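Visitor: Here the protein sequences come in this chain order: A and B.
Heads up: the first sequence is residues 1 to 327, going by this note's numbering.
Heads up: the second sequence is residues 1001 to 1379, going by this note's numbering.
Check the hints yourself; a few may be wrong.
[Stated by the list, open to error] Here are some chain B residues pointing at chain A (derived, C-beta under 7 Å):
(1) Phe1018
(2) Ile1023
(3) Ile1042
(4) Phe1197
(5) Ser1218
(6) Thr1248
(7) Ser1280
(8) Leu1312
(9) Pro1357
(10) Phe1361
(11) Leu1373
Just so you know, these hints were derived from the structure itself, not from any lab.
Here the structure is a predicted model, which means the values were calculated and not measured.
Where is the CB? At the ideal position from N, CA and C, for every residue including glycine.
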Amino acid sequence: MSLLNLLLIVFLGILFFILYFHITNFFLDIYGRKTEKRYKFENSLRVLIFITPAFIVLFIFILYPVFETIRLSFYDKFGREFVGLYNYKWAVNDPEFRRSIFNNLGWLLIVPTLSTFFGLVIASLADRIWWGSIAKSIIFMPMTISFVGAGVIWKFIYEYRGPGDTQIGLINAVIVSFGYEPQAWLTIPIWNNIFLMAIMIWIQTGLALVIFSAALRSIPKEMLEAARIDGASEIKIFFSIVIPYLEQTILVIWTLITIIVLRVFDIIFAMTNGEWQTGVLANLMYDWMFRGGGDSGRGSVLAIVIMIGVIPILAWNLYKHRQEQKI
Amino acid sequence: MKKKNLSSIFSQLLLLFFVIIWIIPTFGLFISSLRDKDLLAISGWWTALTTTKVNEIHRMSGMEDQIKVDDYFIIKGKLFETNSGKKIQNFGITSKRIDEYVVGEIAIFKDKSEVTVDEVGNYIWKSKTEFTKKKGKRLFISVLSPPAFTFDNYREVLFKEGIGRAFINTAAVALPSTIIPLIICSFFAYALTWMKFFGRDTLLAIIIASLVVPLQMSLIPILTIYNDFGALFGVAAKSYPGVWMAHTGFGLASTTFLLRNFIKSLPSEMMEAAKVDGASHYDIFLKIIIPLSIPAFASIFILQFLWCWNDLLVGLVFLDQVPSEIILTAKLKELLGSRGENWEILTTGAFVSMTVPLFIFFALQKYFIRGLLAGSVKG
Chain A
1 MSLLNLLLIV FLGILFFILY FHITNFFLDI YGRKTEKRYK FENSLRVLIF
51 ITPAFIVLFI FILYPVFETI RLSFYDKFGR EFVGLYNYKW AVNDPEFRRS
101 IFNNLGWLLI VPTLSTFFGL VIASLADRIW WGSIAKSIIF MPMTISFVGA
151 GVIWKFIYEY RGPGDTQIGL INAVIVSFGY EPQAWLTIPI WNNIFLMAIM
201 IWIQTGLALV IFSAALRSIP KEMLEAARID GASEIKIFFS IVIPYLEQTI
251 LVIWTLITII VLRVFDIIFA MTNGEWQTGV LANLMYDWMF RGGGDSGRGS
301 VLAIVIMIGV IPILAWNLYK HRQEQKI
Chain B
1001 MKKKNLSSIF SQLLLLFFVI IWIIPTFGLF ISSLRDKDLL AISGWWTALT
1051 TTKVNEIHRM SGMEDQIKVD DYFIIKGKLF ETNSGKKIQN FGITSKRIDE
1101 YVVGEIAIFK DKSEVTVDEV GNYIWKSKTE FTKKKGKRLF ISVLSPPAFT
1151 FDNYREVLFK EGIGRAFINT AAVALPSTII PLIICSFFAY ALTWMKFFGR
1201 DTLLAIIIAS LVVPLQMSLI PILTIYNDFG ALFGVAAKSY PGVWMAHTGF
1251 GLASTTFLLR NFIKSLPSEM MEAAKVDGAS HYDIFLKIII PLSIPAFASI
1301 FILQFLWCWN DLLVGLVFLD QVPSEIILTA KLKELLGSRG ENWEILTTGA
1351 FVSMTVPLFI FFALQKYFIR GLLAGSVKG
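Work the whole structure out from these sequences, hints included.
Guide: Next up, the structure:
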């Protein structure tokens, strides 16, 4: 497709939606103004015009797929024949699946915890130092880069050359300068997962940091000053006042990062493609979408397992929403 | 007071430590993307400012360049540009002993011809008999290379490796994928807030539930729909409009949710007053809601745009991996596989892909952070 065509369809694509809303509403305005009687009908038509595009998209891309994926998980690889629990049984007995579950649990345990921890520590340090906002900007920056870009950055850091050669990867260069053997970090099972997680922590700490530093500002200054006058140490203040005050924020950040981590795909896909025992559910799912011509049954089971991970968060969000509606 | 100073210094050092750890990876990438590719392959980026010892192989000119001076046949030439700043230390004539001779010494080949090399790369090759081969013999040199920075990597990556086109493709994916949801979700959010209709609360609950639904749940059914649609109408199953709509679908819940929260916070008296004056919902939407929502639009635009720009999975599944459709992240991943050893291409490609996010980071950080704080939750 030539660049001019590309520009044209981008323009037309956007114009289509603007025109849809403008033309329909324009005619409805003319129609509605004529008599009082038409007013009510106009109003319900207006609602339809406003919500239909979004609803259709919501239906096609979220609602229908959720039920279709559940249905497909009970069907064969082409989605034609009902096979009962066959795909689920396959999953439970599949070593790759078990490995992925194990790795995903590791990611879920380590990444949100460490990102939240670093975010909180850095936010409270930066809060009291004059160059703190510059420091915050720098640590926040990885948030803006793609996972694949981050993957390249870190692959370069982990780069391995044979023992005799000059190391161009930072970590191996440091290790060699202390007299140790260089390592191909990404190929050492179990540990390589940690090296991949480091990338995610590097990125997500920025998210935790900005939310924490906004929350820190909401702690009443009087409370902190009172504690200082009473002679409490900064560390004591941190644990007895700041942390309890931020409990809600910690929970929010932890949930946010958990959701992101649960569907982690890009980093592993770019760095190891699940080799050397680094696979996670999202990668295994992508794999089964295309492996051997694609297996929609197995792929769907894997998607559902990821979905199960977010159900507690989903239920909690709905519960909170219900509470807010009551007020 | 002294104790306080000490703890302040300690905090500063600790923060500095974090900052250094966090900046080093990106900084290394940036420096590497500007280095000469031969140096990049054999020395760490932290040595970029020092001279590096490089071993090179060159071939001398053949018989066509020979001239006869007195009794000798002579071939003269240059191994590299004189002004390149490189300095030869040693040279050799066999691959077994590449640094056998010091610069200025005379090396003698088996056929009795003699060669000598000076520091800046000029060689003189003499023989008593006429040279008869079209190609000259090989020379091995070890050179001290001064720091070399160049934009060659960028030229190479943008125009030869297809990153330039991928950049345009990514923009063609990300812009509509951001603007379309903003348009349809702002109407949707308005309806959810200020219009009364049957099922409104259920719809809102569905939006909230959809916020956390992982996009993996949608991949297989949507891909099937696209394939069926393509087969039915005889068009390509994977296309730009298809990706836009997929991104719109996956971003719909969060965009609607954030916009609704914002629109809800606007004073309702204004809208009631406008209504009394005979304004329709569309008038109110255009003339009151849109102007007031510009800051919220900016934040949501940035969030969704960065999401689409940085996305890999959607672009991988819903676009063909051909030059006219492949996006930056997919291209980078492809290069990681095929050019895994060519760090000049990888680092430069990664940096090109980061330019737009970094621009947003430096220029629009305020809106970005505001958007995140408004509760960025995305399946």
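Visitor: Quick check: which numbered hints come out false for this structure?
Guide: Hint check: nothing fails, all pass.
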